[in-house]
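Peer 1: The lines below spell out each chain.
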Amino acid sequence: MGLPNVSGDFSSEMDVDAFRRLFPLRFYERHLVESIRPDARPLGRARDTTLALGAVTSTDGSALAKIGLTTMLAAIKMEVMTPSIETPDEGCIAIDFHMPPICSPLVRPGRPAEAEPVVSKQLCDTILSSGMINMKELSLISGKAAWMAYLDIYCLDADGALFDAALLSAVAAFSHLQIPVVSMNDDGRVVIISEEHQEGKDPVNKEKRKLTLSSIPFSLTSILHKKYILADPTAEEESIMDTLVTVVLDSSGRLVSLYKPGGTVLAYTSAIQDCIALTRQRVKELRNILDEAVSGMEVD
Amino acid sequence: MKTEPHMAEMKAVEWASAIVGDLKLGKVVWLCDSMNTVNTVTSKEELCVWDTFLEATIIRGRFEANPWTMQWINRDQNYLVDAFPKFTLKNNFTFLKFDVRRDVISPCVKNFLQSFKPSFIEMEYVSPEGLRLDGRRPMEMRQIRGEIGALAKADGSAVFEMGNTKVIAAVYGPREVQNRSQQMNEQALVRCEYSMANFSTGDRMRKPKGDRRSTEISLVIRQAMEACILTHLMPRSQIDIFVQVLQADGGIRSACINAATLALADAGIPMRDLVTSCSAGYLNSTALLDLNYVEDSAGGPDVTVGYLPKLDKVTLLQMDAKLPLDIFENVMQLATEGCKAVANYIREILLENTKQLESRRGV
Amino acid sequence: MEIDRIDERTPNQLRPLICSRNVLNRAHGSSSWSQGDTKVLAAVYGPKAGTKKNENPERACIEVIWKPKTGQSGKLEKEYEMILKRTLQSICILTINPNTTTSVIIQVVSDDGALLPCAINAACAALVDAGIPLKHLAVAVCCGLADSGDVMLDPTKLEEQKMKAFTYLVFPNSVFSVLPEGSLQVEGEPVENGIITSVTQGLMSVSFKFVQVEDYLHCIERGRAASAKMSAFLRRSLQSQLPSDTLKAG
Amino acid sequence: MVGLSLGEKHFIQGGIAQDLRCDGRKRLTYRPIYVETGVIPQANGSARVRMGATDVIASVKAELGKPNPFQPDKGKVSIFVDCSPTAAPTFEGRGGEELSTELSAALHRCLLGGKSGAGAGIDLSSLVVVEGKICWDLYIDGLVVSSDGNLLDALGAAIKAALSNTGIPRVSVAASAPGDDEPEVDISDEEFLQFDTSGVPVIVTLTKVGKHYIVDATTEEESQMSSAVSISINRQGHICGLTKRGGAGVDPSIILDMISVAKHVSEQLLNQLDSEIAAAEAVNEES
Amino acid sequence: MAGKAGATPTTYAPSPTTQKTKSLVFKNDDVDWVRPDKRGFQQCRPAFFRTGAVNAASGSAYAEFGNTKVIVSVFGPRESKKAMMYSDVGRLNCNVSYTTFATPIRGQGSDHKEFSSMLHKSLEGAIILETFPKTTVDVFALILESGGSDLPVVISCASVALADAGIMMYDLVASVSVSCIGKNLIIDPILEEESCQDGSLMITCMPSRYEVTQLTVTGEWSAPKISEGVQLCLDACSKLAKIMRSCLKESASSLEE
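Chains as they are written, first to last, in the UniProt record's numbering: chain A, 1 to 300; chain B, 1 to 363; chain C, 1 to 250; chain D, 1 to 287; chain E, 1 to 257.
Please note that a few of the clues may not be correct.
[Stated by the list, open to error] The calculated lysine-lysine pairs, modelled on DSS-like cross-linking and capped at a C-alpha distance of 25 Å, are:
1) B:LYS11 <-> B:LYS44
2) C:LYS229 <-> C:LYS135
3) D:LYS211 <-> D:LYS9
4) B:LYS27 <-> B:LYS11
5) C:LYS135 <-> C:LYS162
6) E:LYS38 <-> D:LYS74
7) D:LYS263 <-> E:LYS82
8) C:LYS78 <-> C:LYS52
9) C:LYS162 <-> A:LYS136
10) E:LYS183 <-> E:LYS249
11) D:LYS26 <-> B:LYS153
12) C:LYS52 <-> C:LYS157
13) E:LYS38 <-> D:LYS115
14) D:LYS76 <-> E:LYS113
15) E:LYS113 <-> D:LYS115
16) E:LYS81 <-> C:LYS52
17) C:LYS135 <-> A:LYS226
18) C:LYS39 <-> C:LYS53
19) C:LYS75 <-> C:LYS39
20) C:LYS52 <-> E:LYS82
21) C:LYS53 <-> E:LYS134
22) C:LYS157 <-> C:LYS67
Think of the hints as simulated: they come from the structure by calculation, not from any bench.
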C-alpha cells in the first residue's frame, strides 16, 4: 500500500494499519485525491463479480452470487396454491432476505439485523415493479392451482453493497429455475411427475418449464462523498461515508428505482446523472456475467 | 349406571324429540351422526334392540306423528346435533349422581354451550331443590385444603386447594435485588409470576407463558400481596412470589392469593394481615359462593374479593359483567363471608404449623 | 396537458397543508402535519444519555419508531424507519450532543397517499419544536408519474394506485443568507436543489441516448418547485408559533 | 447457581471418593422414591414422583388426531417439559426454557426410540384407531415443581408411572365408506384401555465426579460433575437411548463401563419403581 | 410475509412427490440391499472442508458431505453480553439454524435449539476456555442444504472454523453418526436412510486424545451392538480428523506463500 507520507508529526511515524483504524476518513480521503481506493480499485470500478448457478440441489432454482467478498445464496422453492379470485390465472412470488448470524459480526441470533426487512422490501419492490416475471406464467390451472415461488436469499458474507448482490443472486436464481412437471391427481392435488415413468396422467405444464424473463433489473450502489462517486462500496466504506445511492436499471435501460435514503451529501443533477451512467456500464457487465453463467449451465 | 354410546344417543334423541314436539315445530330434519340410531329410527321393520327398546318405540311414535325426517351426518359437522342433547342429558340424569369430573364435559360440548346457550335455553345452574351442578348449596364453599412447606428448596411454599382447583406457591426472599435498576431504597420490591401447567385445564393448553391473562393475574396477585407485606421493613431487597396452577376449576385468582398468603407466612415475611380471597357469582337469580369452572364460564357476573380479615378491609375487588347495585352488595357480602371462612381456615393451619415447629424445637 | 384529477386539482397543486406544533404534552417536541387527508403525528424525546449498541458514540444518535395506523409494524414500516432515520441524520448537527440518543416517534393518523413525505415533514417540524440543532430544514414531496408521462404532485392514495410510477423526494429548504448571491451554489446549482432523499417505485421512461432519464428529471424539477412553496409554508408555520414559545418560557 | 465454598466442594468430592455421600448414601444408591398416581383428574393418566427434594409431575393426555402420512400405522407421542419458577427463581419468565427444551429432547430420545419407532417404550402401533386416518396423539407433559438434582431420572420415572395410570377411552368405529377421510367414531366414556407399560424403560443418570460415578445426584453434587451420562434401559437390559451432559471428554472405555454399571442399577430401579407404582395404583383403587 | 405488496399469504399446498414409498426399500432384513448412493455400509461420504468461507468472521469453514452443506462462522473472542456476570473463563455461545430451503419441505428457517445445545456440549470440552477470560466466542452455523447427518457435519465443520479463528483447543473435534437399520449398522447416513432408521448413534470425539465429548443414542440397542457402533464411529472419526487436519494445513501453507 504505497501511500505517500502523511502530514502531521505523529502520524508520519504511524503504521498504515493503525492510521486506517484511527482516522479512517482521512485515510480514505487521501486515497480519493489520487483517484484510487485502498483495495486498488479506481473510483468507478465495481469489484470482481462471480455467479454460480445450481448451488443448492434440493431446490428448483438457485444461484450463488459474489461481489468482491459479499456473498449471497438465493434459492427458489415452488409450491402450489389456490390463486386469488381477482387474479385466477396468476401465480405469486414471495421474497425474503435473510441475514443469518454467520454473515457479519453485527448480527446476533434472535435479533434480526436492521437491514434485513429493508433489503427484503427493496428487493420485493424492485423485482415486482420491474415486471421481470410475468405472473401469468406461474399459473397451472386457471382458478384452481398456481405456483407460489418462494425466493429466499441468504447473505453468507456481508461486505457492503448487499442489495446489489442480493438482486443479482435473485435474478440468477430465476434464470436457473426449472419448474417441475406436474399433473393434477384425482383428489385435486397437484403432484410431481417423475421423468422415468409417466403413467397415464398428462402433465399440465409441459411447455412452461422455464420463465421468460423480460427486462431483467440490475443495480449498482455508489457512495457520494464530497465530489467523489465511489461505485460498489465495501462494508468499511459504507461505515465511513454515509451517503448511498442505489440505481436500478433494467436491461432495456429503464429506471426501475433510484434510492437515496438520506445521507449528508446532497445529490445534484450532475451527480445523479453520473451515478446512472456508472450503473448503465455496470448493467452491461452484469448482463454478460449472467449470460455466461446461464450458457455455462446449458453446456453441462 | 352404565351408558352405552348408542343408548346415550337414543336417550338424547328421545329427550330432544319431546322438546321439539312441545314446541310444535312443523317440518324438522333431524341430523344424527350415529348410523345405528338413524337405522333404528327410520327403519320400518320390527324393533330388535333391547337395551333401547323403550326409547326407540317412543321416538318412532313421535316420528310417525310428525312430518319429521332423520338423516345421517358426518362426524365433523355434527357438534351441534351431538353435543347439546348429550350434555343436557348428562345434566339431567347423570350429572348429579357422579362426582363432577370436568373431563366428562368434552371441550367441544363446552364450546358449544358457551356459544349457543343464550339463544337456546336458560341453563339451569341451580336446581329447583336449590342444589348446584356439583351438589353444593348456593352459599356453600368447596372443600378447601392448605399445606405449608410443600417445597424443600423455597424460602416459603404452600399448596392451596379449593375443590378441584389446586395451586402451588413458592416465595423466594427477601434477597438481593437481581436487576439493579429496579432496586428501591425505601421498600422491598415485590414480584410475582403466575403460570399454568400444560395439563391444568380440561383441554390441553399449548402456550402457557406470558400471555395477557397470566400477566394480568400476576399483576393482581402482586398488588394484593404488596398491600399487606410490610415492604418498608426490607428496603433494597426483593421478594419473589411464584404461583403455579396445577389444576384449574374456577376461582383461580382466589386460590392463588390464598396460596401466596400461606407461602409468605411460611417464609416469615412480615405482613400487616393475611390476605384471603374468595369469589362469588350470580346465576339463575341466586347468589353463589365460590364458582367452579362451569359456573364461571356461564358468563354471569363473577366477583372476586381480596380481604384483610383483621383490619376488616377489602384490598381487591374485581367484577366482570354487570349487576344491579343492590344485588352486587349481596354478592360481595357473600364473597367477603367466604374470605372470612378462608381466613379462619388459614389461621388454623398456620397455628397448627407453628405448634409443630414449636414441638420440634422444644422437645 | 391538462389532466383531470379526482379532486380537481391542477397537476402542480398540492393538497392543503396544516401544521401545528407542540400538540403533545409529555414529548419534548411534537407536531402534527397533514396534507389533505393524510395526517401524521410526530413526537421527539431527547436527547437522552447514551447511544445504542453499534452506533457511533462520538455523534448524536437518532432513533425512529414508526407506528402504523393499525396492526404490527412489518417490513414496510422498518424501511420507512430506516429512510426517515437517515434523512433526519443528514439535517441534524450530530456533533453537538455526542453520545446521546434522540427518539422520533411517528404515529400515522390517516393515510391517503404520500405518507412518507408527510411523515418526514412532521418529523422535521417536531425536531424544531424540541429544539434539536439542525443544519437546515427538510421538505418532502411526492411526485406521481401518470402513464402519459405527466407529473402530478402530492397524489392521493387513489391516484398513487393509478400511477405507473412515483417518487418521494426530500430537499433542503431555501436558506436566507447574508452571503453574496451564488456563494452558496454547488456545481452551478443552488443548495436547495440538492436531493437529500429519493425513493422511487415503478418503471420510468425509456431513454434512448446516453444519459436521459427524462421522467425522473421531470419529477425532480417539479418537486423542487413545489418544495420551495412548502418550505415557505414550513417557515411561516414555525415562525408564527414562536411568540407563544417565548411566552411559555417566560 | 449453587454457591459452594471450597471446603464444601472438597467434602462432597471426598465423600464420593470414599463411597459415603453427604446424605449417607453410597455411590450407587437412589434416594427413596415416592410415587403418587392419578394426581391430575383431568388427564388420562398422571403421576407425581418425589426423590428427596426433587418433585415432578407428569401427565398424559390423549387426543384423537391424524397419523403422519409417512407412518400411517403409528400414533404420535410428544413430550413437553416445563420448569416451574417455583422450583428455582432462575426459571422465571423464559429462564427455564433452555433447561425445559433440553429435558424434553433428552426424554424424547430416551423414551420414544428411533425415527422408525423401533425401541420405543410405548407401542406406537397400539395407538392407531383407523390406519392412516385416525390415531391417538399422546401429549406427555412434565412439570418440575421442585428441583434438587437428577431431574431426568425423576421425570422418566414419573412418565412411566403416568403411563401405567393412563386409560385411553375405547373407541368404536362405525362402518363407513373406504374413501371417507374422517370415519365416524364414538368415544366411550366408561371403558378405558390400559397401556402395556412393561416396555417403558427407566432412565439412569450416572454423574461422574472425579474418578467415580454416582447415581441420583443432588444439585450440590451435580455442580461438581465433570460429565454425566443418562442411559435409558428397558426390562430386557437393552439400551433405548443415551445422552451425555457436560462437555468434558471421556475415554470410550469408561462410557462402555458406565453403560454396564447403569444396566446393573436399572434392574433394581425397575423393580423398585414397579412396586412403588403398583402400591400407588392400589391406593388409588381404594379411594 | 407475502411477496406481493399488501397481499396476504394465500393457502399453498406443497407438491407431494410420487407415491413411491422409499422406506420399503430398506425394510428387508437381509444383508443384500444396497444403499441409495451405492456406498458400502461402513463407507463414509467423501468429505470436503474449506476454511475462510466468510471473510467477515474471525474464522470460518465450509463443509460438504455429499448433499449436506454447511457454513460455520466463528466470531470473537469478543465482549460478552452486558448482562453476563464476570467469569474468569471464556464463554462459548453456539447457534445452529437451517435455511428455509435446506429441507425437502420448505421450513421456517428458524433456530434449531436442540442442535445448538448439542453443538455447545460437543465443543466446550475441547476448547481451552481459560485462554480468553471475560469474553465470548460465538460459533454460528447455517445448514445450507440438509442431506443427512447434519449435526455431525456441523460439529466437525465448527471445529475446523474454530481452528481457523485461532481459538486454542486441546484437539480437533470430529463427529460421525451411524444408523441402525434392521440388523445392519450403516455409517454416515443420508437423509432417506435417517428417515427410516430404527436407531442412531452419534459420537463426537477428540481423536488424538481418544476422548468422547458427546454421545447420543436413540432406539433399542444391545450392549455389544453399542460397543460395535462406538468403535465404528471412533475409527471413522480419526479418519475424518485427518482430512480436517490436512485442510487446515493447506490453508496455513497457502497463507505463508
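Peer 1: Under the constraints set out in the numbered hints, which ones does this structure not fulfil?
Peer 2: 5, 6, 7, 10, 12, 18
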